[in-house]
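**Q** Letter by letter, the chains look like this.
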Amino acid sequence: MEVDYSSEVPIILNSSVFLFGTKVLLAGLMAAFAIVVWYIVRKRRKRIKLPIVKILDLEQKRLPRFSIKPPPFIPFLSFLLCALLLVFFTTRPKEKVFSESEPKQFKYHLYIDLSPSNQAYVSVQEIEEQVTDLVGQAKEGSIFTIGSSISDQITQVLDVASVAPYFEGLNFHSYGVKLANQLQAQLESIGEIDKLLIFSDGDEHTWQGFNWQFLEDKLDVYMVRGNVKRGLRNIFFNDVRNISAPSSPIMEWEVDLGRSNEESESSGRLIVKFSEKEVSNQEWIFPPGKRQIQLRIALNRSTLKGNSLSKPLTWELQPDGEQQDAILVDNVFRSAVYGQSGKVAIIGGTNGEGAMTDPAYSLASSLSVLGFTVKRVDHYQESKVNITEYPLAVLLSDPKLGRDAFCPDRIVKQSAEEKAMAPLNQKTTVWIVPNGSTNNYFDLCRCYHILSKPSAVETSSNFCKEVETLGDWNLLLSSLGANQFGGNTNDENSAIGWSFENERFKILAFTRSLRPTDLSSLSHASLPVVVKETLIFQNHIERVKNTVKRSWPRLEDRSLEKRDDKEFEVTLSNVPIGESLMKSFSEDSLPETFTFSGEVAQKVQNNKRDLKEPTAWLQIIALLMLVGLCIEVGFCVFKYLVKKSIPFLGCVCIVVAGFKGYIAEAKVQIAYISSSPGFSLRSLAGEVESRTSIEMEVTPLIFDQLAERSLVHPWLWVDGVNAISEKGGFSKKLIRWIDQGGFLVVQGKVGVNLPKLLPEGKGGTSRWNAIPPDHELMRSFYLLDSLPSCSGSVWQGYQYDGRLAILVVPYNFLGSVKDNKKKDGCSDQLEYEDRVRVFVNILMVALTTDYKKDQIHLPEILKRLR
Amino acid sequence: MQKQGTIGELEPGMPLELSLKHYKSSHSPGTHLLALRKPHRIPESSRSYVVGDPIQLIDWKAFARSGELIIRQVQQSSQAKVRIFIDASPEMNWPDAETERQTERTLISKLELAMRVGFHLGHLHHRLGDQVSIAIHRGNPLTPKLEFQPKTSKEVNYLFRKLREYSFEIDNDIWKVAPIIRPTPRSKLDLIYYISDCLEGFDHFYQLKAKRSILFHFLSSLEASDYWIDENISYIETNLRGKEFLGRSLLTGQSYLAQIDKWRQELRARVEENQSDYYFMTENTEILEYLKIFELIKLGGRLQQ
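As they're listed, the protein sequences go chains X and F.
Using our numbering, the letters of the first sequence correspond one by one to residues 1 to 866.
Using our numbering, the letters of the second sequence correspond one by one to residues 1001 to 1305.
Excised from the complex, chain X in its bound form (with noise of 0.2 Å):
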């Protein structure tokens, strides 16, 4: 989305208060300290080595080291910029500015707090009543999202019309739940929104480590609150405990109550259903001035029939008075029946009924002591049990009564009988054990092949007449496809028992008694472990040990129980005791509470993130911070190379400059400012380059009038002032141009007007003459005795600034040294070979001024004259 900064950075400047935090605190020592050492470091005095002063014996003065001088300026300034730049930039605005901009269409998140501890203030009616006035009251196009603690499902509402059926069949829940978890979750699958509401009431629990401030970097966070709306005394359950042993037929609890308020006295009942039905009822009473209590209830363990998960002992407070209790959903409580390990019949191999006559009595204690309600039979046939009623039956093998005390062939007819009434639920877990002393091999291999082949009852076992011995047996189980049970398994003999399981039974075949004897390696003590381990191996004990050991879950936070296994005890979960002990955070460390009208409203319907976008400062910053530096470098750069670099300054001047001049010419090239056409000095070339060291163009440059072009070269010819002259003298370009150094030949009559169209002249020695015979041009390079006048009119020379300047030449001297010359009066006083001769001197004279008049030529020109 498009921001509009402009109208946003005025009304942030007016907020000029900033926090200075201790990180500004520290960016500013930082910047002082940095202007102290910047400092010392320029004010050090200079200090030479002189490495001689170790010999001197003079008293060392601690004089101070730093003398203290004023800064140079502009990087002082720019240092300074910088500093308090930086210190700005880690400034943060106090307040946040709103700006009164058109309000843009802002997208809320409304979260519901369902916890059980915002029942005490608002119900769902009222929370539904709020949602649908804030959608009510937002301009047109705002978005709403709702979430709740229920689920992390986001429901987008579009209208009033909306609200309504989100809060269908919604309450408050009984497990607990943490906001940071949860609300980070929904916001990832949100996206970006504006402004965040929770209808929450702030208690501990459920607002424990969300750092709420972390997203008003981002978002506006608001709570609402409901009033109180049952009080703030509520009676919850601490705790529920079986204190019975697994086996005892009457099952006691202890049940630990507690409350909010101790002020007062509190009645009511408690009431435990099971299965829906009401199986004990109970009064209670808090004293005044007790926050806890305990109560003892019996159950009688037969009442409490159809073992199962799915049903758990629901505990009930129903406090007198309906004002009493603030929280409802905290007045059920749920705890695990457990004790009830099931059934097992052990049959066979009585001789007694003491600890020391009945085989079977370490094995019941055993069985006993891990839950079970242990059946006792002494013979099999003449009783009327069924080993099918019970999950676990142990036969033991009696050589006296012979095997139909134990294991007659009515077992498998019954199982079938069964079987073919109704599909059992389970399988009847069977042990057949030996006797351990005298033991009669053929009735244990008959009973395991009736019970692990029930179609063998109609046939005979011939095979297990040949089951004499142990190792027979260890044989025959192993042959017969069972498997292995303890011992080595290399060695089947060491197997404790032979395991097999068919469509009705899970036979354990054991090789020895399970009495505790020196025959059967077992002690008293290794007996219980050794039932235990087997129970467990055959899957038997686990679901009594889960029973017995679990307790019913209080969830502390719903996200972190979201597995679909675990729903069912999701929704049945105990109430966390932080939720019920209703405590709740100050005001001051919970978001600024929402109110549906006057001021508040308002704001939050003009708030603008405008704080989310510091590109704008940022920039204003760089480019302040940038300019400081440049200032500074320029400087730096302009003080070295004035100090340190003149010569090369000039340089990159003459370069600089150069990128705007001329090629320079390395050869001389008359310009010529004149109306005739060109021609051509091919010979009078020829003749200079022969006759000097200097190469000269063949053709002269043609200006037709004095311009700027012209007078960039060093020598210039015109014919008669005319061309060169303007209206009361010669023109300024060219007055500066002879002031430069330029040479200017004149040729033709100039009349008497001369002198007045001449610059004036340094130092008052410019003046006009006549070019005399020791003048310079009669000597540069050849000695010329004279130069020819025409009509009268002589060479006339104007010495400006102790040069010749410009030369007069009465008469059109160019026209007499080009090619093809056509015949003219006052050129024809002289040989072609004496014109050249004057060019040349005219040339020097040009290129060298006068250095020809130097004292060390003057014996040789005197001598060449004699």
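Everything labelled a hint here was simulated from the structure, so no lab data went into it.
Take these hints with a grain of salt, some might be off.
Calculated lysine-lysine pairs in the DSSO-like style (CA-CA distance at most 30 Å, straight line) [as the list claims (entries may be wrong)]:
#1 F/K1209 / X/K54
#2 F/K1243 / X/K46
#3 F/K1154 / F/K1292
#4 F/K1243 / X/K49
#5 X/K375 / X/K277
#6 F/K1209 / F/K1188
#7 X/K375 / X/K400
#8 X/K54 / F/K1145
#9 F/K1188 / F/K1151
#10 X/K54 / F/K1262
#11 X/K49 / F/K1162
#12 X/K54 / F/K1243
#13 X/K818 / X/K749
#14 F/K1211 / F/K1145
#15 F/K1262 / F/K1209
#16 X/K375 / X/K343
#17 X/K506 / X/K427
#18 X/K427 / X/K532
#19 X/K46 / F/K1262
#20 X/K583 / X/K290
#21 X/K749 / X/K853
#22 F/K1211 / F/K1188
#23 F/K1145 / X/K49
#24 F/K1162 / F/K1188
#25 X/K506 / X/K453
#26 X/K49 / F/K1262
#27 X/K732 / X/K749
#28 X/K863 / X/K853
#29 X/K427 / X/K375
#30 X/K532 / X/K384
In silico negatives: residues of chain F with every beta carbon more than 10 Å from chain X [what the hints assert, rightly or not]:
#31 G1013
#32 P1015
#33 V1051
#34 I1055
#35 S1066
#36 I1070
#37 R1164
#38 E1169
#39 K1188
#40 K1211
Fair warning: this is a prediction, and the values are worked out from it, not measured in the lab.
Note that beta-carbon positions come from the ideal geometry of N, C-alpha and C, so glycine has one too.
Fit chain F to the given chain X structure using the hints.
**A** Quick look at chain F alone, frame taken from chain X:
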């Protein structure tokens, strides 16, 4: 013969000798004067005739004047073993480029001065027929960093040029480019020159055994004067530690010059106590004075500075 200028401009091989008569010849094989004088035709000194002296060498004219039999005699010289020790300790490399920049003066360092004079001395003695060796050390002359014994005076010139190419830094790989460098055999010395600024002490000077020892005490002209010292600038012994004085305190009552003079006098006294010679020079010392000193040393004399 060029005798103008200062010793800061010296180079080995410059024609500066006061006298040409001592050039290497059959009569002058070296600068070491033999104790025994020999009767000779050249009237250098004379003594009374002793029986056994050659009669033809009797100065008859003197006999005619004085009536005494006079014999002319000369003191002959032989090849001397001369060793020149040049101190190249870090302080000798001052004034350095940084000091030149700070003082805005173009100066030569004490090390360069010592090298110029040392090699010039070596060149002179070699031409006079002496056996010369030069040892450059870092404070301890007994363990020189660089020592060599030139066979010819050209070798002196060559090594000097090489050293100058490397700005007289003996830590450079001058060993590779100066194949003439060779260890000097340890032998009894007749004459040693010890060139140093003595800032690191000169106790080693006494450990050098020779018939005659001469200390050339070199300081920079900056160190020997105070006209350039600025009273607002600090002057430090080294860049890292050591003494530091404000220029104002050095100039107060000319304490700096007084201390330097006092130190020099103490040095001179200690050297002369050991029957050695002490000469103080800076790069501004004139070549003429240097040559006088050399001539006197050659003749066994001593110049009182």
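**Q** Is F/K1145 close enough to X/K49, meaning Cα to Cα at most 30 Å?
**A** With Cα atoms ~25 Å apart, F/K1145 and X/K49 stay inside 30 Å; holds.
**Q** Is it true that the CA of F/K1188 sits at most 30 Å from the CA of F/K1151?
**A** holds (18 Å)
**Q** F/G1013: least C-beta distance to chain X exceeds 10 Å?
**A** Holds, since 31 Å exceeds 10 Å.
**Q** Quick one, are X/K46 and F/K1262 close enough, alpha carbons at most 30 Å?
**A** Holds, because 28 Å separates the two Cα atoms, which is no more than 30 Å.
**Q** For a C-alpha distance cap of 30 Å, please report whether X/K506 and X/K453 respect it.
**A** Holds. X/K506 to X/K453 sits at ~12 Å (cutoff 30 Å).
**Q** Take the C-alpha atoms of X/K375 and X/K277, compute the straight-line distance between them, and say whether it is at most 30 Å.
**A** It holds: about 29 Å lies between the C-alpha atoms, which stays within 30 Å.
**Q** Need the status of pair X/K863, X/K853: alpha-carbon distance at most 30 Å?
**A** Within the cut-off at roughly 15 Å; holds.
**Q** Could you grab the alpha-carbon distance between X/K818 and X/K749 and see if it respects the 30 Å cut-off?
**A** holds (20 Å)
**Q** Quick one, are X/K427 and X/K375 close enough, alpha carbons at most 30 Å?
**A** Holds - the C-alpha atoms of X/K375 and X/K427 are around 18 Å apart, at most 30 Å.
**Q** Checking the smallest CB distance to chain X, is F/V1051 really beyond 10 Å?
**A** Non-interface label stands for F/V1051: nearest chain X Cβ at 60 Å, farther than 10 Å.
**Q** Can you confirm whether the C-alpha distance between X/K506 and X/K427 stays at or below 30 Å?
**A** Measuring from Cα to Cα gives roughly 7 Å; hence the hint holds.
**Q** Compare the distance between the alpha carbons of F/K1209 and F/K1188 with 30 Å, and conclude whether the hinted pair is satisfied.
**A** With a Cα-Cα distance of about 8 Å, the restraint between F/K1209 and F/K1188 holds, given a limit of 30 Å.
When held up to the earlier numbered hints, the structure conflicts with none and fits them all.
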